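Q: With the hints as extra help, turn the sequences into a complete structure.
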Amino acid sequence: MVSRYLMLMLFFAVAAAAAVLDQDDLQLLEQFMAAVPNGTALAGWNSSHGACSFPGVRCKNHRVTSVSLTGVMLNADFSAVASTLLQLSSVESVTVRNANISGMFSALRGVDCGEKLSFLDLSGNHISGEVPAFINCSRLEYLDLSGNLISGSVAVGVLSGCSSLTSLNLSGNHLVGAFPADISHLESLTTLNLSNNNFSGEIPGNAFLHLPKLRTLNLSFNYFDGSIPEVVTMLPELEILDLSSNLLSGIIPGTLCSTNTSSKLQVLYLQNNYLTGGISEAISSCTGLVSLDLSLNYINGTIPSSLGMLPGLRDLVLWQNALDGEIPASLSRMLSLEYLILDYNALVGSIPSGLANCTELKWMSLASNRLSGPLPTWLGQLVNLQVLRLGNNSFTGPIPPELGDCRSLLWLDLSGNQLKGHIPSELAKQSRTMAPITSSTRKFAYLRNGEQRNTYQCRGKGSLVDITGIRQSDLSRMPSKKACSFTRVYLVSTSNINCFSFRFLDLSFNQLDSEIPKDLGSMNCLMIMNLGYNRLSGVIPAALAGAKLLQILDLSHNLLEGQIPSSFSTMSLTEVDLSNNRLSGMVPELGSLATFPASQFENNSGLCGFPLPLCKQSVANTQQSKSHKRQAILTAGAMAVFSVSLFVCVAALLICLCQRKKSKIHNKANEALRLQGNLFSIWNFDGGDVYKQIVEATENFDEKYCIGRGGHGSVYEATLQTGETFAVKKMRKTEDESMKNEEQFSREIVALLQIRHRNIVKLYGYCRTDQDKFLVYEYMERGSLSTILMANASAVELDWNKRLDIAKDVANALYYLHHDCSTPIVHRDITCNNILVDMEFRACVSDFGLAKILNFDASSCTRIAGTTGYLAPELAYMTRVTEKCDVYSFGVVVLELFMGSHPSDLLSDLICTDKKSTSLEDLLDTRLPLPEPEAAREIFVFLTLALQCLDPNPANRPTMRSAIKKLSAEPITDDVDYLRADLMGMDTPTHVH
1 MVSRYLMLML FFAVAAAAAV LDQDDLQLLE QFMAAVPNGT ALAGWNSSHG
51 ACSFPGVRCK NHRVTSVSLT GVMLNADFSA VASTLLQLSS VESVTVRNAN
101 ISGMFSALRG VDCGEKLSFL DLSGNHISGE VPAFINCSRL EYLDLSGNLI
151 SGSVAVGVLS GCSSLTSLNL SGNHLVGAFP ADISHLESLT TLNLSNNNFS
201 GEIPGNAFLH LPKLRTLNLS FNYFDGSIPE VVTMLPELEI LDLSSNLLSG
251 IIPGTLCSTN TSSKLQVLYL QNNYLTGGIS EAISSCTGLV SLDLSLNYIN
301 GTIPSSLGML PGLRDLVLWQ NALDGEIPAS LSRMLSLEYL ILDYNALVGS
351 IPSGLANCTE LKWMSLASNR LSGPLPTWLG QLVNLQVLRL GNNSFTGPIP
401 PELGDCRSLL WLDLSGNQLK GHIPSELAKQ SRTMAPITSS TRKFAYLRNG
451 EQRNTYQCRG KGSLVDITGI RQSDLSRMPS KKACSFTRVY LVSTSNINCF
501 SFRFLDLSFN QLDSEIPKDL GSMNCLMIMN LGYNRLSGVI PAALAGAKLL
551 QILDLSHNLL EGQIPSSFST MSLTEVDLSN NRLSGMVPEL GSLATFPASQ
601 FENNSGLCGF PLPLCKQSVA NTQQSKSHKR QAILTAGAMA VFSVSLFVCV
651 AALLICLCQR KKSKIHNKAN EALRLQGNLF SIWNFDGGDV YKQIVEATEN
701 FDEKYCIGRG GHGSVYEATL QTGETFAVKK MRKTEDESMK NEEQFSREIV
751 ALLQIRHRNI VKLYGYCRTD QDKFLVYEYM ERGSLSTILM ANASAVELDW
801 NKRLDIAKDV ANALYYLHHD CSTPIVHRDI TCNNILVDME FRACVSDFGL
851 AKILNFDASS CTRIAGTTGY LAPELAYMTR VTEKCDVYSF GVVVLELFMG
901 SHPSDLLSDL ICTDKKSTSL EDLLDTRLPL PEPEAAREIF VFLTLALQCL
951 DPNPANRPTM RSAIKKLSAE PITDDVDYLR ADLMGMDTPT HVH
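Residue numbers for the sequence shown follow UniProt numbering, so the first one is 1 and each next one is one higher.
Hint data in this document are derived by calculation from the structure and do not stem from the laboratory.
One or more hints might be untrue.
Claimed, not checked - Distance condition first, Cα-Cα at most 30 Å in a straight line; then the derived DSS-like pairs of lysine-lysine:
#1 K443 / K966
#2 K966 / K808
#3 K704 / K730
#4 K802 / K548
#5 K762 / K965
#6 K965 / K802
#7 K692 / K548
#8 K802 / K443
#9 K429 / K518
#10 K762 / K704
#11 K420 / K443
#12 K264 / K213
#13 K420 / K213
#14 K420 / K518
#15 K548 / K518
#16 K762 / K966
#17 K965 / K808
#18 K443 / K429
#19 K762 / K802
#20 K443 / K264
#21 K808 / K762
#22 K518 / K443
#23 K692 / K802
#24 K730 / K692
Given the structure is predicted, the values throughout are model-derived calculations rather than measurements.
A: In structure tokens:
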């Protein structure tokens, strides 16, 4: 049905175009359409129509002038696209962005721009090879090849024919070598972006002598070393200079903004380098500066008061340097200031009172300095403030209750000071204002401390760090954080927050001596509350259980007494620490408290009950009787609550299925399952009709149509009346696992609704009725990879090149899930059973029933789930799921793919300290002949990577981003006998003599 629909679209589009298009252009476009698999281009083109009626194509005088395809899954080869679209003689603009184009530049002898091409955008695809020579491109003004897999160096002369180029973007590739020499001859250049590559060497100053029009220069995330050339800082038209995340050293040039047009510089990013010296006074000459970031360097001296001469500055980011002295009072002149981030320096004095005038402040981070004095009450006037970090200083006095007036406050860290008095109940007042927040243009990460208990060496639960322009791996350079050995990094995005209130409250390591205000229980968005290491007294308020989203609670090292409130049984805590207090009574048996180790309750002399020793039985018989009765009542009550809860859940589920939902549903799972009756969501077809066809096609799910079974259901082949064939996964219906299956069903829909990738099985629709729940996928004719490897005939058909392609497909799918989704997705069950193969041997990852979407708002804790033999070893002793769990499973799958069977014995050898050497030849599937040298080299790279993925320590495993880079790297040498290379020992391959 779908193919017929697309063919009709193609027919009418071509018919309409034929009336107006030049015949040569028409033939080329028809050739291009024929090269696109399944006609998906026409189904997804989203640009406005030109006179020729081709979507995404504009015409003038019967000739094609522009082609624009963005976000269209063409799944086409680059050579087919280029050889067609670039031959349109009148084309001026070609945009094929994020269209899943693959192939190598080497398929073309060069890129011929033709007579009129001025705009070429091929960004966000999978084009590989080296940068080709651009021929006959004197009219080309805009060239964007970013976000591809282009590798090698930029050879001299390949851009020499682009004399009119004004914008060049090669970012996000795998380019190496020195700064491209051809750029120095592009005198019309206004924008140059070489970021996120592997360029190295010094930045040649003479390359910029003839680039007077340059406005944007971005060389970030490379490996350039040496000093910053003065020529670069003197470019007269420069507006954006980003040299962050390199290996640059020396001082900031005093020639910065030394020309008469200096006010044009708006962004100066030099963070994450090795710069020394002081902050140049020359920066104050950049009067148009909006954003300044010098963080993670070795800059010393004081903060120049002349920075106050930059009235338009919004970002002043200087964290992790060696700055001393006081914070200049002149900063109060920056009335546009939004981000003031000065953490991890040696600043002294108090917070300047003039900053009260900076009412646009959103983030004020002054933590880990030597600041002192009382906390100013005017902080409550900063109504736009979202983050206030003043921890690890020497502030004294009380906590100002006026902080409750900060209606946008999400993060309050006052830990590690000398604050006294009470915890203001007014802090909870902010939870009732719920002011929306604006999304941040900067990038932050929450560095979660390691598993060790809090000590005076490592205070608080973690730090919020601005990582704009900083490699996460370079955070290890922070000397002030090494003692904390933080092991987890969570990216923070305010755009994902839908509860605009306190998320983080850390008042630990102070001298607070009051009771805990019960009002804190009304902070309904709070996720982390740390009040440990104080002198808090009284009982723990039962009202704290009202903070329903609370994940981490630390009340340790105080003077709290009485019992742990029974209301805590309703909380879903992932971490709790009540140790070192004066608590008594029994640890609540219900809820999550009894699941934590005894160390979280130790040094409370009157506390007993699991996980602590059992309560003593030395009380009177009447008390024992009451205790037994109480336990019996609790047990009976728990059973009653469970029964009632189950009844309510089932009743609510039935009501939700039968009743039309009129109000808008925000939750993704509910949105995915917002169905009525027998509604079947599949494109825009009649749901009831398709549901009926599927039941008829499978004869009500007869066993003869079953093509596979899983832990939560069976898969059936369904060929509809239209001739279309689908795979239908029918969820198993059992009484004791109904809620679990419901969760699997919802989880798979939510995950797949966010995903669009050629190597992830496509979800066409889902159905939910009183009788059935099933998911409808694209049909993969060859079935699972495990089935193919099991049968000798199909395994032999799966030759080495096909196996390499399958391994790459799985790697690309995981890269997409971990790094390209808006929020990372961990599959949690990567096995050969869950990798499906179609007739063309394209592999797709399937079965997202255990998938977990990672984000800052959700806990990363989970129960153990997955398939034995593929599970990462750390899941045996921890419940936090990360992308590294998928990386381990990927390593197992790669070994199984090339060995032909599950590598159980090899996995055991990896655990042993005394590994035996194993050559590539010893591991390969014996049902196939040995591979040719080129294939052997690629297999060696894959298996070497697989063994790295199987490292017992997840921190040592590569990410899928680095894995893809290793797979696409050029071979170091060609005269190698890869078949006899030692894999287990990771030795250098043996050279052939």
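Q: Which hints from the list above does the structure break, by number from lowest to highest?
A: 4, 7, 8, 11, 13, 22 and 23
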